[in-house]
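Q: Here's the letter readout for the chains.
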Amino acid sequence: DAGITQSPRHKVTETGTPVTLRCHQTENHRYMYWYRQDPGHGLRLIHYSYGVKDTDKGEVSDGYSVSRSKTEDFLLTLESATSSQTSVYFCAIMGWDTIYFGEGSWLTVV
Amino acid sequence: SQQGEEDPQALSIQEGENATMNCSYKTSINNLQWYRQNSGRGLVHLILIRSNEREKHSGRLRVTLDTSKKSSSLLITASRAADTASYFCATDLNFGNEKLTFGTGTRLTIIP
Chain A
1 DAGITQSPRH
11 KVTETGTPVT
21 LRCHQTENHR
31 YMYWYRQDPG
41 HGLRLIHYSY
51 GVKDTDKGEV
61 SDGYSVSRSK
71 TEDFLLTLES
81 ATSSQTSVYF
91 CAIMGWDTIY
101 FGEGSWLTVV
Chain B
1001 SQQGEEDPQA
1011 LSIQEGENAT
1021 MNCSYKTSIN
1031 NLQWYRQNSG
1041 RGLVHLILIR
1051 SNEREKHSGR
1061 LRVTLDTSKK
1071 SSSLLITASR
1081 AADTASYFCA
1091 TDLNFGNEKL
1101 TFGTGTRLTI
1111 IP
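Protein chains in written order, with the numbering used here: chain A, 1 to 110; chain B, 1001 to 1112.
Derived from the structure by calculation, the hints contain no laboratory data. Among the clues, some could well be false.
As the list claims (entries may be wrong) - Looking from chain B toward chain A, a few residues come up when the C-beta cut is under 10 Å (computed):
#1 1006
#2 1011
#3 1042
#4 1070
#5 1090
#6 1102
#7 1105
The beta carbon of each residue, even a glycine, is placed where N, CA and C say it ideally should be.
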């Protein structure tokens, strides 16, 4: 158990509504990540953070924003959810050379 | 685009047999890692091999790395039903480990 909690674990939302996913860690690690996982695409990096208020884009950042106001929390926001953002979202933290993953948040946009 | 690509996409073997999965990548790396994902769960780290290593073992796992061919293989010996999962390789770019890029995975099914 790498001390990562994602919430909510499951959510159904309507197109055009804002959605925020939360990742909480108890390990005090500097690096935190948001990935999405879709069939045929594997895991793709959305955004990552290398410290409080320090974030950067990944390969699929369009339509997503992030915030990190505390070391332990990394928030992913879909400003206006679209059906293409239906996916499983994984938060992860970097411990030494290894990334540890949360259990995932299943998001369905209808 | 994906940095790592696993092959095959799916593999079914009998329990007790060995399973081999391959990963190819495109650019120079510092290290390569393998992860396992059980259905509906997050990814779990299995093993890391550095660019200056050629082979590494961990229990029933054996990983090889050929940097000249930009490829790696994961061998699971004496497979068990509990090994049924998806397996992913992940690579960092040569300048650091801060961003791992994952392949699309190999779905391994162990038939009891």
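Q: None of the hints should be skipped; say for each whether it holds.
A: Hint check:
Interface restraint check: residue 1006 of chain B against chain A, minimum CB-CB distance 8 Å, threshold 10 Å, status holds. Given hint, residue 1011 of chain B at the interface with chain A, is violated; its Cβ is 16 Å from that chain's nearest Cβ, farther than 10 Å. Checking residue 1042 of chain B against chain A: minimum C-beta separation of about 4 Å stays under 10 Å; hint holds. Restraint check, residue 1070 of chain B versus chain A: the minimum CB separation of about 17 Å is more than 10 Å; hint violated.
The interface hint given for residue 1090 of chain B holds, since its Cβ lies 7 Å from the closest Cβ of chain A, which is under the 10 Å cut-off. For residue 1102 of chain B, the shortest C-beta to C-beta distance to chain A is roughly 4 Å, which falls under 10 Å, so the interface hint holds. Because the beta carbon of residue 1105 of chain B sits about 6 Å from the nearest beta carbon in chain A, less than 10 Å, this interface hint is met.
Against the hints set out earlier in the document, violations occur for numbers 2 and 4.
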